[in-house]
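Asker: One letter stands for each residue in the lines below.
Protein chains: 2
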Amino acid sequence: MNKQLVFGHANPDTDAIGTAIAAAEYFKRRGIETEAVALGNPNDETRFALNYFHLKCPRVINKADTEEVILVDHNEAKQSVSNFNDIKVTHVIDHHKINFQTTDPIYYYAKPVGCTSTILFELYQNAHLEIPSPIAGIMLSAIISDTLLLKSPTTTDEDRQAVEALAKIAEVSDYKKYGLTMLKAGTNVDKHSDHEIIDGDAKSFEMNGRKVRIGQVNTVDVNDVLSRSSLKDNVKKEMIDKGYDDILLVVTNIIDSNSKGIFYGKDESAVEKAFNAKLIDHVIDLPGIVSRKKQIVPNLTKGME
Amino acid sequence: MNKQLVFGHANPDTDAIGTAIAAAEYFKRRGIETEAVALGNPNDETRFALNYFHLKCPRVINKADTEEVILVDHNEAKQSVSNFNDIKVTHVIDHHKINFQTTDPIYYYAKPVGCTSTILFELYQNAHLEIPSPIAGIMLSAIISDTLLLKSPTTTDEDRQAVEALAKIAEVSDYKKYGLTMLKAGTNVDKHSDHEIIDGDAKSFEMNGRKVRIGQVNTVDVNDVLSRSSLKDNVKKEMIDKGYDDILLVVTNIIDSNSKGIFYGKDESAVEKAFNAKLIDHVIDLPGIVSRKKQIVPNLTKGME
Numbered sequence: 025m026n027k028q029l030v031f032g033h034a035n036p037d038t039d040a041i042g043t044a045i046a047a048a049e050y051f052k053r054r055g056i057e058t059e060a061v062a063l064g065n066p067n068d069e070t071r072f073a074l075n076y077f078h079l080k081c082p083r084v085i086n087k088a089d090t091e092e093v094i095l096v097d098h099n100e101a102k103q104s105v106s107n108f109n110d111i112k113v114t115h116v117i118d119h120h121k122i123n124f125q126t127t128d129p130i131y132y133y134a135k136p137v138g139c140t141s142t143i144l145f146e147l148y149q150n151a152h153l154e155i156p157s158p159i160a161g162i163m164l165s166a167i168i169s170d171t172l173l174l175k176s177p178t179t180t181d182e183d184r185q186a187v188e189a190l191a192k193i194a195e196v197s198d199y200k201k202y203g204l205t206m207l208k209a210g211t212n213v214d215k216h217s218d219h220e221i222i223d224g225d226a227k228s229f230e231m232n233g234r235k236v237r238i239g240q241v242n243t244v245d246v247n248d249v250l251s252r253s254s255l256k257d258n259v260k261k262e263m264i265d266k267g268y269d270d271i272l273l274v275v276t277n278i279i280d281s282n283s284k285g286i287f288y289g290k291d292e293s294a295v296e297k298a299f300n301a302k303l304i305d306h307v308i309d310l311p312g313i314v315s316r317k318k319q320i321v322p323n324l325t326k327g328m329e
Numbered sequence: 025m026n027k028q029l030v031f032g033h034a035n036p037d038t039d040a041i042g043t044a045i046a047a048a049e050y051f052k053r054r055g056i057e058t059e060a061v062a063l064g065n066p067n068d069e070t071r072f073a074l075n076y077f078h079l080k081c082p083r084v085i086n087k088a089d090t091e092e093v094i095l096v097d098h099n100e101a102k103q104s105v106s107n108f109n110d111i112k113v114t115h116v117i118d119h120h121k122i123n124f125q126t127t128d129p130i131y132y133y134a135k136p137v138g139c140t141s142t143i144l145f146e147l148y149q150n151a152h153l154e155i156p157s158p159i160a161g162i163m164l165s166a167i168i169s170d171t172l173l174l175k176s177p178t179t180t181d182e183d184r185q186a187v188e189a190l191a192k193i194a195e196v197s198d199y200k201k202y203g204l205t206m207l208k209a210g211t212n213v214d215k216h217s218d219h220e221i222i223d224g225d226a227k228s229f230e231m232n233g234r235k236v237r238i239g240q241v242n243t244v245d246v247n248d249v250l251s252r253s254s255l256k257d258n259v260k261k262e263m264i265d266k267g268y269d270d271i272l273l274v275v276t277n278i279i280d281s282n283s284k285g286i287f288y289g290k291d292e293s294a295v296e297k298a299f300n301a302k303l304i305d306h307v308i309d310l311p312g313i314v315s316r317k318k319q320i321v322p323n324l325t326k327g328m329e
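Heads up: the sequence lines are chains A and B, in that order. Count the first sequence with this note's numbering and you get residues 25 to 329, in order. Count the second sequence with this note's numbering and you get residues 25 to 329, in order.
Certain hints may be false.
Identical copies carry no separate label here, and so any pair may be met within one copy or between two of them.
Claimed, not checked - Here are the simulated DMTMM-like cross-link-like pairs (lysine to aspartate or glutamate), alpha carbons at most 20 Å apart as the crow flies:
1) Lys-302 - Asp-110
2) Lys-87 - Glu-100
3) Lys-192 - Asp-218
4) Lys-318 - Asp-257
5) Lys-317 - Asp-223
6) Lys-256 - Glu-92
7) Lys-290 - Asp-214
8) Lys-135 - Glu-100
9) Lys-266 - Glu-91
10) Lys-80 - Glu-182
11) Lys-27 - Asp-218
12) Lys-112 - Glu-329
13) Lys-27 - Asp-305
14) Lys-27 - Glu-262
15) Lys-27 - Asp-280
16) Lys-317 - Asp-128
17) Lys-175 - Asp-245
18) Lys-135 - Glu-146
19) Lys-256 - Asp-269
20) Lys-326 - Asp-128
21) Lys-215 - Glu-100
22) Lys-27 - Glu-59
If you are wondering where the hints come from, they were derived from the structure by calculation, not from laboratory data.
This is chain A alone, in the form it adopts within the complex (with noise of 0.2 Å):
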């Protein structure tokens, strides 16, 4: 059996590199030979999380070069790989919206948790696997990534159960301080461009036919981000230049859990009724808002129909 390449999706955060190792380990020890890969460099808060359990970065690319490949963390051509269509995909390990065509059938396991690595973790316990300590490290600061330490709408008890247990495997005695050094780690935004705070983590979506871009950047200070003097021209730029719709940077509290956001597009009345709030001067207050997939992209695919 010829290699397979498991990445996650494109602008990979720690859910998307974290699982995609923890997958490759998982399906090797299944006899399947693997190669975790990343679509795109990892940024600071994964960078921190794979040097403190002691993991390589995977390779980066943005081609698959095998015939097969598993997914993780994504199932949507436009999230993943540039030749998605000339490749066979064998396996999805997912907890988004389902989009996804295939003409034979396939292995997939999708379930609505917080994290990718919530459903791993149930995969090694089903398997009666173990799971080695630095893959249970990264699995852990996977989830604590994407749950924003478990308070995120998006967390189920599942979520919470493998917390638990991932802590014990990889030997952190108090997951909470170490998960919020880990997200802190990823808020220095001080460093950052204004392009990369706008595309570090966006996704495109599709909704009622526009073309709409939405990032995401986490901080202990919402203002500290809004005060960069020329992020929302380049916000307005990003969308110009790229041919989007509408462009949405949501700019996240991680210790608060409340959120603003800055918005250019065709309609602000769409995103006006999304929210239940004004935009003033092409920002809009978002309290309680947090989760891209549970609350954003819902509220706004609605908004704009």
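Given the coordinates of chain A, work out where chain B should sit on it, guided by the hints.
Answerer: Okay, now just chain B, sitting in the frame of chain A:
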């Protein structure tokens, strides 16, 4: 929590109905109020199996009357309830190719195994739930039906292991003997009309923009079916009346695992290319062909490209 319907595809076979019963029981034990229903009357084989294990036939519907539903043994709208786009699918358990979209994350578990009941068997095992004896019996029947007694090329080791285990739970001492009796009960075509033979197990597929209808009927004597005086005319009539571009009725001998096909359509060379054989008076020889999913649909899809 409101009740959720659990159902397999329209024109139900023993997998569609049997796995709906098994899944309804599984999710009930997991705290969801469920009712197994069927999108059509059970065929003779399914009726035999239900009677054998003293199970009631599920209520027959064509439109779902609950807001939320669980799909088994299918995922495509065109094989499902008439109000598919107005209801919310919360879970899918399936073994077919995927053509599925959601607006929210849901539970989706698919594996390339011979029968959906094999996946249910794994779910019961993973949840450490005992399978009631009659439920094990109908799951056993579903696997025997879909794999033609473990002889179809779709058969995997998981199907074989599930059959062994389920036969014990269902107290079926000789599953081969039971299986052959059950399969034969489904092959008594004498009392059925041509239309029942043509449409009883038929499914629609889109291939290269063409609407293709594929039916399959099991028998112990292929010529016995082909010699029906008006069968070919009625296959052609079905295509014209329902507006299909192409129609293929596969007649399969369950004892020796060979088939013949009756074909009408826009492009006879496509079906000849697909199966590397000549159509003679609209009949094509299909030696070794028994699986619609693994052999007929992929070959015909390629032939139509």
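Asker: Could you run down the list of hints and mark each one as holding or not?
Answerer: Against the structure, the hints:
no. : hint              : verdict
1   : Lys-302 - Asp-110 : neither (45 Å within a copy, 32 Å between copies)
2   : Lys-87 - Glu-100  : within (15 Å within a copy, 30 Å between copies)
3   : Lys-192 - Asp-218 : neither (38 Å within a copy, 65 Å between copies)
4   : Lys-318 - Asp-257 : neither (28 Å within a copy, 54 Å between copies)
5   : Lys-317 - Asp-223 : within (17 Å within a copy, 42 Å between copies)
6   : Lys-256 - Glu-92  : neither (41 Å within a copy, 42 Å between copies)
7   : Lys-290 - Asp-214 : neither (30 Å within a copy, 65 Å between copies)
8   : Lys-135 - Glu-100 : both (16 Å within a copy, 19 Å between copies)
9   : Lys-266 - Glu-91  : neither (30 Å within a copy, 40 Å between copies)
10  : Lys-80 - Glu-182  : neither (28 Å within a copy, 35 Å between copies)
11  : Lys-27 - Asp-218  : neither (38 Å within a copy, 50 Å between copies)
12  : Lys-112 - Glu-329 : between (34 Å within a copy, 18 Å between copies)
13  : Lys-27 - Asp-305  : neither (52 Å within a copy, 47 Å between copies)
14  : Lys-27 - Glu-262  : neither (37 Å within a copy, 47 Å between copies)
15  : Lys-27 - Asp-280  : neither (44 Å within a copy, 37 Å between copies)
16  : Lys-317 - Asp-128 : between (28 Å within a copy, 8 Å between copies)
17  : Lys-175 - Asp-245 : within (18 Å within a copy, 64 Å between copies)
18  : Lys-135 - Glu-146 : both (11 Å within a copy, 16 Å between copies)
19  : Lys-256 - Asp-269 : within (16 Å within a copy, 55 Å between copies)
20  : Lys-326 - Asp-128 : between (33 Å within a copy, 12 Å between copies)
21  : Lys-215 - Glu-100 : neither (32 Å within a copy, 48 Å between copies)
22  : Lys-27 - Glu-59   : within (7 Å within a copy, 44 Å between copies)
Of the numbered hints listed earlier, those contradicted by the structure are 1, 3, 4, 6, 7, 9, 10, 11, 13, 14, 15, 21.
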